[in-house]
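Engineer: Spelled out from the first residue to the last, the chains are:
Protein chains: 2
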Amino acid sequence: MEIKNIKGLNSLLKKIKDNTLKLGELSSEYKNRLLSGLADALSKNKSFIIRENQRDILIAKRLGLSSAFIDRLTLTERRIEQMKGSLLNLINLADPIGEVIKEWSVPSGLIIKKVRVPLGVILIIYESRPDVTSDCIGLCIKSSNAVILKGGSESLNSNLAIFRVFLETLKKLSFPSYAINFVSTKERKVLDKLLRYNEYIDLVIPRGGESLIRKITQLSRIPVIKHYKGICHIYVDEYADIEMARKVCANAKVQRPATCNAMESMLVHQSIAKEFLVPMLKEFLEAKVKIRGCAQTLKIAKDYGLFNKEFFKKATDKDYRTEYLDLILSVKVVKDMQEAIEHINEYGSHHSDAIITKDNEHAEEFLKRVDSACVYHNASTRFTDGYQFGMGAEIGISTDRLHARGPMALEELTTYKYVVKGSGQIRT
Amino acid sequence: MEIKNIKGLNSLLKKIKDNTLKLGELSSEYKNRLLSGLADALSKNKSFIIRENQRDILIAKRLGLSSAFIDRLTLTERRIEQMKGSLLNLINLADPIGEVIKEWSVPSGLIIKKVRVPLGVILIIYESRPDVTSDCIGLCIKSSNAVILKGGSESLNSNLAIFRVFLETLKKLSFPSYAINFVSTKERKVLDKLLRYNEYIDLVIPRGGESLIRKITQLSRIPVIKHYKGICHIYVDEYADIEMARKVCANAKVQRPATCNAMESMLVHQSIAKEFLVPMLKEFLEAKVKIRGCAQTLKIAKDYGLFNKEFFKKATDKDYRTEYLDLILSVKVVKDMQEAIEHINEYGSHHSDAIITKDNEHAEEFLKRVDSACVYHNASTRFTDGYQFGMGAEIGISTDRLHARGPMALEELTTYKYVVKGSGQIRT
Numbered sequence: 001m002e003i004k005n006i007k008g009l010n011s012l013l014k015k016i017k018d019n020t021l022k023l024g025e026l027s028s029e030y031k032n033r034l035l036s037g038l039a040d041a042l043s044k045n046k047s048f049i050i051r052e053n054q055r056d057i058l059i060a061k062r063l064g065l066s067s068a069f070i071d072r073l074t075l076t077e078r079r080i081e082q083m084k085g086s087l088l089n090l091i092n093l094a095d096p097i098g099e100v101i102k103e104w105s106v107p108s109g110l111i112i113k114k115v116r117v118p119l120g121v122i123l124i125i126y127e128s129r130p131d132v133t134s135d136c137i138g139l140c141i142k143s144s145n146a147v148i149l150k151g152g153s154e155s156l157n158s159n160l161a162i163f164r165v166f167l168e169t170l171k172k173l174s175f176p177s178y179a180i181n182f183v184s185t186k187e188r189k190v191l192d193k194l195l196r197y198n199e200y201i202d203l204v205i206p207r208g209g210e211s212l213i214r215k216i217t218q219l220s221r222i223p224v225i226k227h228y229k230g231i232c233h234i235y236v237d238e239y240a241d242i243e244m245a246r247k248v249c250a251n252a253k254v255q256r257p258a259t260c261n262a263m264e265s266m267l268v269h270q271s272i273a274k275e276f277l278v279p280m281l282k283e284f285l286e287a288k289v290k291i292r293g294c295a296q297t298l299k300i301a302k303d304y305g306l307f308n309k310e311f312f313k314k315a316t317d318k319d320y321r322t323e324y325l326d327l328i329l330s331v332k333v334v335k336d337m338q339e340a341i342e343h344i345n346e347y348g349s350h351h352s353d354a355i356i357t358k359d360n361e362h363a364e365e366f367l368k369r370v371d372s373a374c375v376y377h378n379a380s381t382r383f384t385d386g387y388q389f390g391m392g393a394e395i396g397i398s399t400d401r402l403h404a405r406g407p408m409a410l411e412e413l414t415t416y417k418y419v420v421k422g423s424g425q426i427r428t
Numbered sequence: 429m430e431i432k433n434i435k436g437l438n439s440l441l442k443k444i445k446d447n448t449l450k451l452g453e454l455s456s457e458y459k460n461r462l463l464s465g466l467a468d469a470l471s472k473n474k475s476f477i478i479r480e481n482q483r484d485i486l487i488a489k490r491l492g493l494s495s496a497f498i499d500r501l502t503l504t505e506r507r508i509e510q511m512k513g514s515l516l517n518l519i520n521l522a523d524p525i526g527e528v529i530k531e532w533s534v535p536s537g538l539i540i541k542k543v544r545v546p547l548g549v550i551l552i553i554y555e556s557r558p559d560v561t562s563d564c565i566g567l568c569i570k571s572s573n574a575v576i577l578k579g580g581s582e583s584l585n586s587n588l589a590i591f592r593v594f595l596e597t598l599k600k601l602s603f604p605s606y607a608i609n610f611v612s613t614k615e616r617k618v619l620d621k622l623l624r625y626n627e628y629i630d631l632v633i634p635r636g637g638e639s640l641i642r643k644i645t646q647l648s649r650i651p652v653i654k655h656y657k658g659i660c661h662i663y664v665d666e667y668a669d670i671e672m673a674r675k676v677c678a679n680a681k682v683q684r685p686a687t688c689n690a691m692e693s694m695l696v697h698q699s700i701a702k703e704f705l706v707p708m709l710k711e712f713l714e715a716k717v718k719i720r721g722c723a724q725t726l727k728i729a730k731d732y733g734l735f736n737k738e739f740f741k742k743a744t745d746k747d748y749r750t751e752y753l754d755l756i757l758s759v760k761v762v763k764d765m766q767e768a769i770e771h772i773n774e775y776g777s778h779h780s781d782a783i784i785t786k787d788n789e790h791a792e793e794f795l796k797r798v799d800s801a802c803v804y805h806n807a808s809t810r811f812t813d814g815y816q817f818g819m820g821a822e823i824g825i826s827t828d829r830l831h832a833r834g835p836m837a838l839e840e841l842t843t844y845k846y847v848v849k850g851s852g853q854i855r856t
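These protein sequences, in sequence, are chains A and B.
Letter by letter, the first sequence follows residues 1 to 428 of the working numbering.
Letter by letter, the second sequence follows residues 429 to 856 of the working numbering.
Extracted from the complex, chain A is given alone in its bound form:
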């Protein structure tokens, strides 16, 4: 349903919640038919969606929003093809609902099954990217959850275009319209109101900037799963393959610096600092990466004629806690792996951190002791992503510890129930 105003919100949410029980009973075949219908609808309505998107872009340009913002907002034919691909990909993934997670019997003779069931009603609050609308509807259909979408006002026309195309398609396929919902009212109070309905909404996933997420976490009486930021580290160990380290660090910083899994801080073992940093810093300079370095990093830059005031600054304590989301990197030379692990656990955001080393014992210790959602040995932190993990489009990434950690997709949108079969057992 389109939520056009605040009035009647309570009874609408109750209907959405009551309707969820039906969703768990839908067959995998039917859900896949819905997804394929949505993919077709994207193709057929491509020009309508792009036209509506152009209206948002025009307004954004008039408002003087940043080019990065406008890039995230823009729907090209290629992006719509990606959205379509994401829906079709869900068809190939296993249906999580009904999966028997475990089964066992107990001395009383009872047989206990732990069975995967839908979570219920998911509220997604997001900022500029309209492709989130399509991804989240697809994920919620496949996992038999109801979804309520609340997108940013800057992408309202784009989101509404996608939502309306989807709703119409789903109705034709007899899908209950209470299962997909979009908040189109501009009343500011609607978010505060929604976040109080812990009776009818089971989970909130906010996606966007840290301040939006903090605000939602403060306001919400519904459980929230989130990540505030991604301060990801790569630690280049004394036993690193230097060539590999350079390739991985360049990728993790430069390939898409505005993503939460990009490297923000590079830690280098002192014994290989010169050998690794001289070519690495050169490469970063060529890629226009600004360096916030520790004293040793700056000394090496100076000693080898790489230093210039525009690109090098002394790193402050605050730098090590900053998610730049840009071509800026903090660099620290560390005494040993111990210091690297402690630094990551103290300054990081428990998102994604990597070690580059040929020493397996070092790798094992690092992977065990770094307390992050995703820990890597000899790979770029940029792989923390639903697709890259083979889970399909992600509904979010969590640095929380409860319920879900790391990329969240179909399984993370489920809970379980215990189904117990007996033959008249009683407690004695």
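I should point out that these hints are in silico values taken from the structure, not numbers from a laboratory.
Just so you know, not all the hints are guaranteed correct.
The following label-pair restraints were derived from C-beta to C-beta distances [unchecked claim]: (1) B:Q683 / A:S36: 49 to 59 Å; (2) B:K643 / A:V100: 49 to 59 Å; (3) B:S455 / A:D336: 21 to 31 Å; (4) B:K710 / A:G424: 14 to 24 Å; (5) B:E457 / A:R321: 32 to 42 Å; (6) B:E531 / A:K44: 36 to 46 Å; (7) A:N10 / B:N433: 39 to 49 Å; (8) A:K44 / B:K450: 15 to 25 Å; (9) B:K450 / A:T316: 24 to 34 Å; (10) B:D620 / A:N360: 41 to 51 Å; (11) B:A686 / A:D336: 37 to 47 Å; (12) A:A94 / B:E789: 21 to 31 Å.
Just so it is clear, CB atoms sit at the ideal spot from N, CA and C, and this is done for glycine as well.
Add chain B to chain A, keeping to what the hints say.
Structural biologist: Chain B only, in chain A's frame:
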């Protein structure tokens, strides 16, 4: 540590949190040695603990607290033996930490492992039962979590006795004392304060009456897992084995009516109402169970000379939403299973509900459509319990949908991390 006053709480909690990283590295053998040490310590200090418990009982009697309350508070030799058994039982259960939940590889060549790790710091808030102190410390040691215990003031001497005996024992075995913590200060603000530390505490589990749990849920900025109440149903189907139904319903109501998994509401198919209810109501009357019946139930009672004003009342809508925790039962004759399922989903508390039937299709539909943490076919709801499920002592029961549902024990006190191994992979 014993938390004796509010001052310094911030830095103490930070220490507790920082210390958790070490706990994940403890070996199973060492953790089992700790548990066995605690079991021994209970035996050796039995008379000290019972003496301290007697002080609490004396105060409780002076305050005129109910006999049910005093029963929950009382530690007998037998109860201490049970606490000991519970600790020893944990030794035999598998260590959840380090378990590889899943392992797979992706087209990029990365190998991804989903590995079980501790949750971190668990805050348990509980009322009168001092055995919770022992159970929760045992569960948190085995699952490598730090615990902060906040028991009711009425059981302070008993809890402190157990805690001090445990802390001393653990210190002798070189266990870090920041891992087990007990709040002994009587300052009222301490709870409000603790519940704000979402930075250092990962999960709150409140155990006790509904009003305590609601207060904590309101105040807490830390995720809370809980159940407010257990309004458990048994539905006696038209195809029930009547003998079995009587046995199971009697057990679920009478054996321990003050537990959250006791039956509070009995639903009976109209076509077997007379045949089942006449002997069943007789049995309940003999057991002094008061009946809140629907019109048909009361009519049957009257027709068969069972009715008397002391034991029979007309059920109100409120009755069907009430957790009596006593020898009181609401009874409703329903038209069909459909009505029973809808009644349970609307009036129940999503805790534990059962169907008694010989018809497997009916059973399957009931088990699927009743939206509760535990659903039973031909067994008493009284089995919803960590021990009965083979999980060991439970740390709580959840009717929430996020993270854990139903009895919570070792596995539910864990989260996971993704451990990813590569050979220099980068994102392209």
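Engineer: Determine for every hint whether it applies to the structure shown.
Structural biologist: Hints versus structure:
1. B:Q683 / A:S36: 49 to 59 Å: Check passed, 53 Å falls within 49 to 59 Å.
2. B:K643 / A:V100: 49 to 59 Å: Violated - the Cβ-Cβ distance for K643 (chain B) and V100 (chain A), about 38 Å, lies outside 49 to 59 Å.
3. B:S455 / A:D336: 21 to 31 Å: Since the Cβ atoms of S455 (chain B) and D336 (chain A) sit about 24 Å apart, the hinted range of 21 to 31 Å holds.
4. B:K710 / A:G424: 14 to 24 Å: The hint (14 to 24 Å, Cβ to Cβ) holds, given that K710 (chain B) and G424 (chain A) are roughly 20 Å apart.
5. B:E457 / A:R321: 32 to 42 Å: 39 Å, holds
6. B:E531 / A:K44: 36 to 46 Å: Between E531 (chain B) and K44 (chain A), where Cβ atoms are some 41 Å apart, the hint holds.
7. A:N10 / B:N433: 39 to 49 Å: 44 Å, holds
8. A:K44 / B:K450: 15 to 25 Å: 58 Å, violated
9. B:K450 / A:T316: 24 to 34 Å: For K450 (chain B) and T316 (chain A) the Cβ distance comes to about 30 Å; the hint holds.
10. B:D620 / A:N360: 41 to 51 Å: Hint holds: Cβ distance 48 Å, inside 41 to 51 Å.
11. B:A686 / A:D336: 37 to 47 Å: 58 Å, violated
12. A:A94 / B:E789: 21 to 31 Å: Check passed, 26 Å falls within 21 to 31 Å.
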